[in-house]
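Peer 1: Read off the chains here:
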Amino acid sequence: MFLFFLAVGACDCCVGILGDHLQAHSKGGLTKEFNDLVINDSHDILVLGSSRALHHYDVSYLSEALGMDVYNAGYKGNGIILAEGILELVLQHSHPKLILYDVEPAFDIYVYGPDDKDIRYLSFLKPYYKEPGIAQIFKDVSPKEWYKVHSGLYRYNTSIVTMLAERLVGHKMPASRFIPLTGVLQDDSEAYVNTGVAYDDLKLKYVARIIHRAGSEDIPIAFVASPKYGMADSSELDAIKCICEQNGVAFLDYYADPEFMSHREWFQEPVHLNATGAKHFSEILAKRIVSLLPSSQN
Amino acid sequence: MPLNSIHFWMVFPVIFIVYWLIPIKFKQARKIWLVLVSYLLYMNWKPAFALILLFITVVTFCGALSFDKVKSKKNALGWAFTLLSLAPLFVFKYYNFLNDSLTSGLELVGLHLSLPGLNWAVPIGVSFFSFQAVGYMLDVYRGRFEPEKSFVDYLLFVSFFPQIMSGPISKASEFLPQIKKPAPFSYEKGKQGLKFLLWGMFIKIVIADRLSLFVDTVYSNYSVHNGTTLFLASVFYSIQIYCDFAGYSLLAIGLAKTLGFNLINNFRRPYLSVSVTDFWRRWHISLTRWLKENIYIPLGGNRCSKARCYFNILVTFLLSGIWHGAAWTFILWGVLHGIILVLEKMAGVTVYEGHSPLVRGLRMLLTFLIVNFAWILFRSPDISTAFTIIGTIFTSVGVPAVSEMGGAVILILAVALSLLFFKELREEFFPGKVRVLDSSVFRGFAYVSLFCMIILFGVLDGGQFIYASF
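If you read the protein sequences in the order shown, they are chains S and E.
Note that the first sequence covers residues 102 to 399 in our numbering.
Note that the second sequence covers residues 49 to 518 in our numbering.
These are computed hints drawn from the structure, not numbers from a lab.
Any given hint could turn out to be false.
Footprint (simulated), chain E over chain S, 3 or more residues, beta carbon under 8 angstroms [as the list claims (entries may be wrong)]:
hint	segment
1	102-114
2	252-260
Derived lysine-lysine pairs resembling DSBU-like cross-links, with alpha carbons at most 35 angstroms apart [unchecked claim]:
hint	chain 1	residue 1	chain 2	residue 2
3	S	Lys249	E	Lys243
4	E	Lys197	E	Lys228
5	S	Lys218	E	Lys197
6	S	Lys245	S	Lys177
Heads up, the beta-carbon is just placed ideally off N, CA and C, and yes, glycines get one too.
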C-alpha cells in the first residue's frame, strides 16, 4: 500500500512538472495562445466573454476602424469567472486602454442548468493557480478545488494530452482569434430565455468584482449585450444592468436590437451571429466604443 | 450520496476505520454503526425519503414475521404485504405515468378526466431496495428462508449503503448470514475490494462519463446529425450504460469487500454474448435473478406448454421494462427484449456450442447490434424520437462528427476502450493465459497506472449514475 501511494505521488509530481513545462514553453495551439495572452502580450482593447464574444467581434475590422490593437479573448462555454481570472493575469504585465465584456446570461447571471458547477470555469486557470489573484478565485468557487489543484494529475486532467500533441505536432496559430461562423438560421426558432432560473450569486459577485478590478487600474470597462435572435427585450439581463448602473459603467444593449431581429440571415443559430451578422455588429460597435476610449473622454 | 463523489471518499475512510476499530465481540455495535452511516448517507440527498426506506423495511420485516405465525389466509396476507411494500414504488415512480396515460387514453375516446399530478422526486434507489426487501419477504413466504428476528440485522440488509442506490439486489440467503456473523478483518479481502474499486472507478469516470459528453450532445440535438453520427452515439451509449452501471456495481462490491461482505457480481461481459438470451444471463444478473425467481417461475417458468412459456417470458420482460422506468420507451424496450427471447427460444439459438470463432464472432456482433438498437429506445425521451433516430441511421450516411470530441478525448477514449476490450476478451476467452499479466510487478504497475489515469483522464466533475434514477 505504501509503495502504491509512493508511486502515485511520484507520478503526480512528474505530471505536474511536465505540465508546467509544457504550459510555459508551449509552441502552438490554444495553450500558447492563452499563455501569450495572460503572460506575454499587451493589447489596447481586450474583448472578454464566451463563444458569443469569439464569434461576434471581428477584431481585424475593429483594430482597423479604431486604429488600435484589439484582441478577442472570448472562450467557448466560459464567462465572467474566467474573464476575471484573465484580467488578473493580464494586469500583472500590461495595461489595456479598454475592456469590453460580452454578456451571456447563462454564464454571467444565472445557474446554467441543473448540473452547473462553477468549477468548470476554472479549467484554463488551473496552471496559474499560484499567481496573485487566481488563488482567491479558486477559493471563492470551491475551497476544495484550491487543494485539489495542487495535484499535478488533477491540474493537467485531459489537457496534458492536448499540450503534448501541440508540442509534438506543433499546431499552427490562427491569424486572429475572431472565428466567423458560416451558415444561416433556417427557421424562426428563438434563443432560450432564462425565465424563472435561479441567480448564480457568485457570477454576479464577479461582475461587480471585474468592474472594481478594472476601476482600480483606471481602465474603462463596458458590458456589451450582442444580439440574440428572437429576443423581445433584454429584461433577463436586468441584474447586470443594475450592477453597471450602480458602478457608472456603460452597458451597450443590442440584445434585442430591432435591426438584428429583422435579419434572420445574420444569424447562424439563435445565440450566434454568422460572419455577415458579426461584420454588421462590429461596424455598429466600432462607432459606439470610440466614445468609451480614454482619449475621447479628455 | 453518489459513490463516485469526492464527498463520499472524504467520508469513507472514517466509516472504514470506525467499523474495523469496533472489536468483533461488539458485533451489534458494528451493525448499528453501518445502519447509522447508511441512513445518514441516504438522508444526504433528501432526508424525508429515509422514511420511505424505513417504511418498506418495517412492512417487509413484519410481513415476513406474520407469514411464520399465521397459517390461514396466508395467500391474502402475502398479497397485502407485497402490495403495501411496493406502494411507495408505485406512488412515487408510476403514479404520474399512469395518470398521464389514463388521461390521454380517455381523451382519445372523448372523455376528459384529469387527476392531480404529483410533483415529487422519486426516492433514489427505491426500485432497488424495494425489490431487495420484497424478494426477502417472498422467500420467507415460500418457505425458502427463515424470517429474520433481529430488526437491526434486517435494517442493515435493506439499507446497506454500497448497494442502496443501484444494487446489486441481494438475496437474503446470501447477505443476511454475512450480517449475522460479521467476518474478521481480512487484508486479502480488503485488497481485492480495492481492485474492484479501482476498475469500477476507471470504467465509470474515464469511459462512461467521457462518452456521455458526446452521447448527450448528439442525442439532445439528434435532428442536426447524420445517421452515421447517430449510430456512433448509439454504440457509445451502449458502452456508456455498461461502464456506468457495471462501474457502480464494482464500486458497491469493492466497498462491501473492504467491510468484509461479499455481494453478487452483477455483470459478466454482457457484450460478448452470443444471443440476447445469453445477454440477459450476463447483464444486471441480480435483477434477472429476482425476476426469474419472483415472476417467471411463479408464472410457470418453462415447465409448462411452449405457448405458456413464451407468455411467461413476455410478461417477465414487460415487467422488466416497467421496472426500468415509467415511460412507454422503457415498456417497449422490455417487450422488444421479450419478443427477441421468445424468437430465439423458438429458433433454438439461445446458446452456441460450436467451436467456430467466426460464427461465434458474428453472433456476438449481431447480438450487440440488436441490444444496441434496443438501447436507442431506452435512451430516447419518447418513442417517436427513437424511431426518428433509427430511421435516420438507415437513411442518412455521412461523416461522423467525432471531431467535436477533440483529438485529446479521442485518444483517451481509444486507450481506455482498448484496455476494457482487452480485459474482457482475456477473461472470456483466455483466462489465466498471458501469465506475465499476473506477475506482481505488472499488477503493481497496472494499479498505479489505473489510479493515475482516473485522475488524469477522468471526467472528475461527472454526474450521477444512470441506474440511480431507476
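Peer 1: Confirm or reject each hint.
Peer 2: A quick look at each hint next to the structure:
no. : hint                  : in the structure
1   : 102-114               : holds (count 6)
2   : 252-260               : holds (count 7)
3   : Lys249/S <-> Lys243/E : holds, 23 angstroms
4   : Lys197/E <-> Lys228/E : holds, 11 angstroms
5   : Lys218/S <-> Lys197/E : violated, 46 angstroms
6   : Lys245/S <-> Lys177/S : holds, 25 angstroms
In this structure, the one hint that does not hold is number 5.
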